[in-house]
Amino acid sequence: MSQATHTPRQAEVKAEASRDRMTGILRAILTQRVLLVFILLVVVVGLMFIFDAVGLMRGNYNAAYMAGALTNVVPLAMLALAELIVIVTGRGAIDLSVGSMVSLVGMTFGFTYGLWGFPLIASVILAVVVGAVLGAVNGVLVAYLGFPALIATLATYYAYGSLAIVINNQQPINSPEIQGMYATAQPVPIPGLSGILPSIPLGIFLFLIPTVVIAWYLLNRSPYGRRLYATGTNDVAAQWAGIDVPWVRMRAFVLSGMISGLVAVVTVGQFASARPDAGTAGSGMALPAITIAVLGGVAITGGIGRVSGVVLATLLIVWLNAGILLLFPGNAGTQYQLLALGLVLVFAALLNGYTNRRFRVLS
Amino acid sequence: MTTDIQNSPEHAPSPRTQPGGRVLPRAISGQELVLIGVLIVLWVLLGVFTPAFLQPQSIQPLLANVAPIAMIGVGMTIIIITAGIDISVAGMVMVCAVVVAKLLAEAQMPLPVSILAGIVVGGLLGLVNGLLIAIGRVHPIIITFGTANIFLFLGLRIFDSKVVNGIPSSIAVLGRGEGGRLLGVPISFIITMIIVAIAWWYLRYTAGGRHFYALGSDSNAAALAGIRVRRRTILAYLVTGLLVGLASCIVIANGTQSLAPTVGRGIELQVIAAVVIGGTSILGGRGSVLGTVLGAILVQTVSSGVIQLGWPSQLANLFVGVAIIIAVGADLVQQRLRRKA
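Those protein sequences? They're chains A and B, same order as listed. Numbering-wise (the numbering used here), the first sequence opens with residue -1 and increments by one. Numbering-wise (the numbering used here), the second sequence opens with residue 192 and increments by one.
Some hints could be false.
As the list claims (entries may be wrong) - Computed footprint of chain A on chain B; a stretch qualifies when at least three of its residues, placed anywhere within it, have a C-beta under 8 Å from a C-beta of chain A: (1) 316 to 330; (2) 346 to 357; (3) 466 to 476.
It should be emphasised that the hints constitute simulated quantities derived from the structure, not laboratory data. The beta carbon of each residue, even a glycine, is placed where N, CA and C say it ideally should be.
So here's chain B without its partners, still in its complex pose (with noise of 0.2 Å):
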């Protein structure tokens, strides 16, 4: 009999919760625990391998490095969770630091104007990624190679072959230097960890956020669930875009009073290694903008580390790839693990 009441209806689990009575995966995941272990370690010995580590004066520029790549890295993460993936951000990086860097310093317009014409001109560039990924329906990867291209042709050519010089020193507050900071935390990390919090309950609470996840673990099953597809593809990169309009301000505050051609290279794959360190899956539809940015910081620890130990600073791009495997096989493991269980 007590069999039977427990299959009864009201007693059976209803389909919608996990045994547990989750709906959502926990709110910090395994692999950010073990990243907070990891830096948490990384800390401590490079505290004491190297006396000036632990400074304020080191982990204020660590911090104000991160932002940029925390910053982009919040719209990366959405998109590989909706299963995609932008090669193109370092073009975009060029083409908005350029367009901030020469309204400042050419046009002398004041710094909420540029910053504001740097988000605008980076949400334009992502809104062709995405209108081209959602409508052509080709893969992201190819599209964004292309258009990495093609952003890359455009900053060039704005920046006319010419170093930009004389950027006022207004930018500074969004720099990592004295002007930077707010109670000794540089402002830029601030406002990334704000964009980081508002992104975090957005993907967690929200119906909207959730359509991500659903349409990066199976997009015709989203399609037919009724989730608009294009539009949330088409959302994703303009938000990417808008970022890294942001982030680009920061980046410019980051350089010198002159930025140079060269502004914003590598960083796309600096921002994948970061989102996939912390444990957005690049096939789709998992991951959180925590990991991502821990995974920021535990990047720019290890640079910043290996010269501080007095090692060439190459050295630090081994680590970063070393560091890569380990975290995704640590994930791997888990989700072996996971599926013998």
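Just chain A, with the same shape it has in the complex (with noise of 0.2 Å):
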């Protein structure tokens, strides 16, 4: 009798444990960013392999194809952690002008170390410190004048961007110098595995590596990343706690025009020539990099977003776009690539907008 009764309960609560668990498992994929890209990146590269075993691609999607596509990823991730670093400061803050800034530092890195003959570590290190003035100029804007970070940076991707072009006559710089930077854009064996993995681009360990070390050094280790994500989070309660908040918002933008300017470096190398509209051509560097760190799960509204995951999604979309270009024949490869990122950054602002209802997560 008692037994009768006791199974049906069991089995109850035995459905409400593993309902439980398919909770956690959504709560978990869906709170996670980095998780969730983790996963869209796992099922999209296996979709691509699965398209090239049946024969749907045009040329072999295979890890050496993969390691080659690794170049787009520099500039890429480098923006994109840019923009994390602002965009998580909050009160909306983001940056319009790193496009700019790429061709503007572009430039002068092409008249220091193309034409008027600087070493190159002198020429580089000047680069950083160009683009660091042209940080602080939205910084000053923005954390000290109160100007909203969107209508600040939109001036100055429009002044950058034209003094760019206009410094050097529309002309672009392509010297011996600046054509020997190719080098830094080819794939190079990494030594002892050169059998086992493809070549990776160089770039990779010169520039992005080194960036996305000290990005999440800073953000993950060091007191600034602490009060970053403070004044992200609340800026009210930041300026109570002690923060200088306009110092650690000026700081952000800095470091955003430094990154640039390092960017700056990588596409010179990438063009073989430093062109005046490198960062500002087409629909620019800007949107694509915001687009990044978005769907890699920097909120918009600040004080959330980590490191792994622009990172992550970063990968997702070269990897993606790679496979696309394959795909489809000609032009039709890069319009879709306009679809696919279109759609997955709606999905994944969706995607947020319903967990942050759902599981109530601060955002």
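Assemble the dimeric complex from its two separately framed chains, guided by the hints.
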């Protein structure tokens, strides 16, 4: 008798427990953006391998092809990290001017290294310094003068982009020194593993990995990182806690400028030329960078965002784009890349909204 | 005793009116007066230094170029008043323009039908934005970054990697040439001014118009006051889409007989620049379409002034950037002074 009543209840308890576990897994996937992007990344790459296996691709989607596509990861991931650092400070902070800073610093790098014969190291350091100064202008406008970030960086987007084009009379700089920079964009075999792993673009080791490590350290292990997240979560509380909020925001924009300056060197290498429209051609570099930052889980309202999410999101977009290029012939490929980027972003944004309401995550 | 009388209920100022008896802000804000002053100074200076500037053949194309920016700017002003933003208008312009151009040049449809089709397409795209933002409850900048890419994709697919050739001259009625003028003023500019006048009246004097401001100041308070926040939000993006549809026809008409897949590129930032130079607060709740028109005229004046002075045309963007900083900076100073007063 007692057993008859006991069993259904046990089943019920078991069902409830499994439902709890399902909710738990769903919750983890939805609230841990890094996990979601990682799953998407595995799914996308898996799908591309399947498409390749059944012969839908026009070329081979294999490890070597994926490694070659990494060239595009370097500038995108670095600028997305710049956006992460800025957006995380909250109050609608955003940096629309990164593409223009890349163009302008690229030109100054072209002058110093390509025409005036400065040593390479000095030119690179100078590029980062010029980037820091340009970022500082944004920082002063936003943090100290109270301009909304969208407006201030829209204005400097125009101003820097215009200066970059005018500074050398619309001409690119292609001196032999600059053309030699192309070596930094070439793939190199990894010592000791050259048979197992394909060659990786040199820029990954020269520029991306150092930037990622420094950004990770700054955001997660340094006092500045704690202040950055505190400011973004609640700037009034941060102010009362003794944090110099304007200075925190100012430094975020300076960091964004420094990263843009380094990206300028990267793009000069990739084009083998200092082009006045390097970061502003087409729809520019800022919009894709912001898109990837958001996809990587950076909340536009501030206080939330992780380096790992941004890096994974860049890999997702770049390997997805690389696959699309092989799936669709000619121009159609680049067009479908736009569609994919747009759909992924809208999907991620809607999911963010849903997650925040379902699980009451801080946003 | 006198103080008692002053404090008695019938003498107390009604909570609905501000001191001075005003409910609404002034018809023309300080920012707009400053802009008018700057424009006059600029026009006089340009007139002195380049005699060609104040000639009709120089002002007419300037106004024709202002028309599409100001027309989209009306929609963008409403969106920004609701504390939103729309990055996707460049993609929308591309889709609408290529649809209209193909209908005219390849399907040989009559002009009114083609324009109507452009407006409908624009409305649909705006509706997509509005629905995603209102129902999905996601920050508008994110959603419109996404839809911007999707719209660009649509536009490029319709273009099919080819330039649309042979757009009939019937569309010149909206263009900047001889055929597009009424009493010497570009018809496109007249249409824009009519739309601006309607929007100015609607935003200022109707309950529906004031709801946009309420929504932008505090959407929670607006919802508690009974405003249908979602419906207002969708309406703002829908109206912008419709206006983009019409503005795209003007963009085609201002161009040549062929339409290249670069149409609309960068227009979203030009429109946003015009709106913020016009004194509309990007934080929402404050702004007017009159300022937006002045902002659009200022941007165009700078662009054509730079060219007429014989400077490199790309230098214009530097001045646009500086203009944004000065205009918004002046507004910030005014706000700070008002808060202190």
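Results of checking the hints against the structure:
| no. | hint | result |
| --- | --- | --- |
| 1 | 316 to 330 | holds (count 5) |
| 2 | 346 to 357 | holds (count 3) |
| 3 | 466 to 476 | holds (count 3) |
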